[in-house]
Amino acid sequence: MSWEAMLEEQPTVMSLLERSMNKDRVAHAYIFEGKAGAGKRETALLMAQRFFCVENSAVPCGECRECRRITHGNHSEVMFLQPEGASIKKAQVEMLQKEFTYKGMEARLKIYIIEDADRMTASAANSLLKFLEEPESPTLAILLTENAHFLLDTIQSRAQKISFSPPSIERRRRLFQEREGTGEIAAGLLAKLPHVPERESEAALAEWIVQGRNLVIQLTEEVHQRLHSALLTLQDKWLGHFSDREELDIGLDMLLFWYRDLLSITYGSDDITYFDQKATLERVALRFSEMEVVARLQAILEAKRRLRANANAQLLMEHLLIQLQEGS
Amino acid sequence: MHFTVDREQFVQHVQNVNKAVSSRTTIPILTGIKIIAAADGVTLTGSDSDISIETFIPAEENDNQYVQVQEQGSIVLQARFFAEIVKKLPGEEIEVVVQDQFATTIRSGSVVFNLNGLDPEEYPRLPKLDDTNMFHLPQSLLKDMIRQTVFAVSAQETRPVLTGVNLESENGELICTATDSHRLALRKANLEAGSDAPDLSNIVIPGKSLNELSRLLSDDDSTVEIIITETQVMFRFPHLLFYSRLLDGKYPVTKNMIPSETKTGVELSTKELLQSLDRALLLSRETKNNVINLKTLGDGRVEINSVSSEIGKVTENIDCDKIDGEELRISFNGKNITDALKVIDSEKIHIQFTGAMSPFVVRPTDHDQMLHLFSPVRTY
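Chains A and B are the protein sequences, given in the same order.
When we follow our numbering, the leftmost residue of the first sequence carries the number 1, and every step to the right adds one.
When we follow our numbering, the leftmost residue of the second sequence carries the number 329, and every step to the right adds one.
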């Protein structure tokens, strides 16, 4: 990704970094915090390229040999640390430290980028600490993490924290679609969810989402035609599928998307989550006024609130279904 | 790129650069050997980022034609396979051709290997040769200097700068220092008149690199050129360049650690002391502290003893050539002393003590180019 594209994606972060680099006021250590896909790694690479690019312009060219070597991990002064297995081990940090006791092979500045920095073991983090604080030579450390709070306080206080805004829905959708076994439909839904549940594999997650989606479609159809069978579906399938509070919350979100789609259709917007159900949505949308749809959206949001307040899942859903049927 | 090269020459040079290549590297391109074919010959480079070796096969030398370059160019080939392949090729000559996308064909006799190469542009650039900070030394002398200092470098990474040998120059003398903060080895050498005395200070070469280098050094008086750049040091042999990265950080000032006064002076045979300490270490090695006690006996002898409460004890008296000054009882790490004695080539040594709690100095008696400093061990 080029500097310009990243600037568009993360305007605050990039202009901040740009300013500090232009004024030669780069901190010795940064923590890049943000959701997966927010472009933390790309930004770190761009920053490194900016230091080494031979074009010496305001933005790295991405094409000179220095830039290419950084992208391919072949640059001797830019080092990456990634979790080996579940965590970043002390030995890895020690190896990095050893590397840094030498003078650079080609240049004076050395950069190290630690991915998933929150997964450092306690002893690894502690050995990094000293090194982070008193590097022997000009060094730039970039720690990437999805959750900066999992880092040691002492590390947090020694680095400048930069928060990345969550990636755009379109970008998230693309990222999910690149995953194994994730189709267009599942990716579209996953991208919109505020929080993605854990599953044993990416394919299993996609499978679960698609099944949940089918349940939403079934339930919304039944609720307006035969409430008793909707209640049966609820008992039979829904509560089994969305088995705990966290999952039920996702189920409610998906239900919310359905009604939001109805509103989108009414207003002629293209932002439709259930895009393959457009015909059904259009048919249903004819039967409801905007106020009626909004009332149902409110009911779902209220259910989400009650779910957080520890309401019984079955009662909550039954109550919601009746509200959805009656529209008040 | 397209060239044909004499197999024997090529194998030897590939093996030389392959010494620098490590399979455990974080930089993927360094698993390869870089080959550059130019009009005047072929250059090979291998590196593990700490050390790099570059060799040159000239197109012609002493009326022997080694290389024929049909087309100039460069390529990086996986060292693991490439080194093995060239060794096992049958023909007298090896032909290397690089086509599009770094696909490389190696041909010899009736054998054809097709290898996928890597982009030579991605290979790290070694520093440019700059003759401003250059001097030369006979290879045998450099080898001695390495042997006589490198054993004393620190094995622990807690103070990384101590894992190297420090180079500095003063009054036309080159001074090598190594210390692990318990002992210190210092070796001086006169720089050849004629070579401009370079101004060196705080050049710290990793001990590991020097061990590697000393394998390349011959025992004769042919000279090796030493060139210091900001980040690396280079040793230039005919057709071979050895690069090592330097250690970062400030090397401690060692000059004022060396005591000037003498309270007790002992002069004795190097070999006798070494053998005696070796015997005493048999017992103290077991307790892992290697503590050995030394006592002057007043009758021109010193007593060496070592006590291990579980195993037993050993006592030995050694005749000295000369003892002067105060009576003395001192304990020290015997292993450190034997390490030093092993690299002292002189027959006699002089030990200069400055009290039981202060460091002492071991020097050969026949020249003043070497010095070993040890701190004693407190045993009570």
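Please note that a few of the clues may not be correct.
[Said to hold, decoys possible] Derived pair list, reagent style SDA-like, types lysine to any residue, alpha-carbon separation capped at 25 Å: (1) A:LYS237 x A:PRO194; (2) B:LYS578 x A:PRO194; (3) A:LYS98 x B:LYS641; (4) B:LYS578 x A:LYS89; (5) A:LYS89 x B:VAL489; (6) A:LYS89 x B:PRO356; (7) B:LYS347 x B:ALA366; (8) B:LYS415 x B:GLN400; (9) A:LYS192 x A:ALA313; (10) A:LYS98 x B:GLN400; (11) A:LYS98 x B:ALA366; (12) B:LYS516 x B:ARG453; (13) B:LYS623 x B:LYS641.
Hints are computed from structural coordinates only; laboratory data are not their basis.
| So which of those numbered hints doesn't the model satisfy? | 2, 3, 4, 10, 11 and 12
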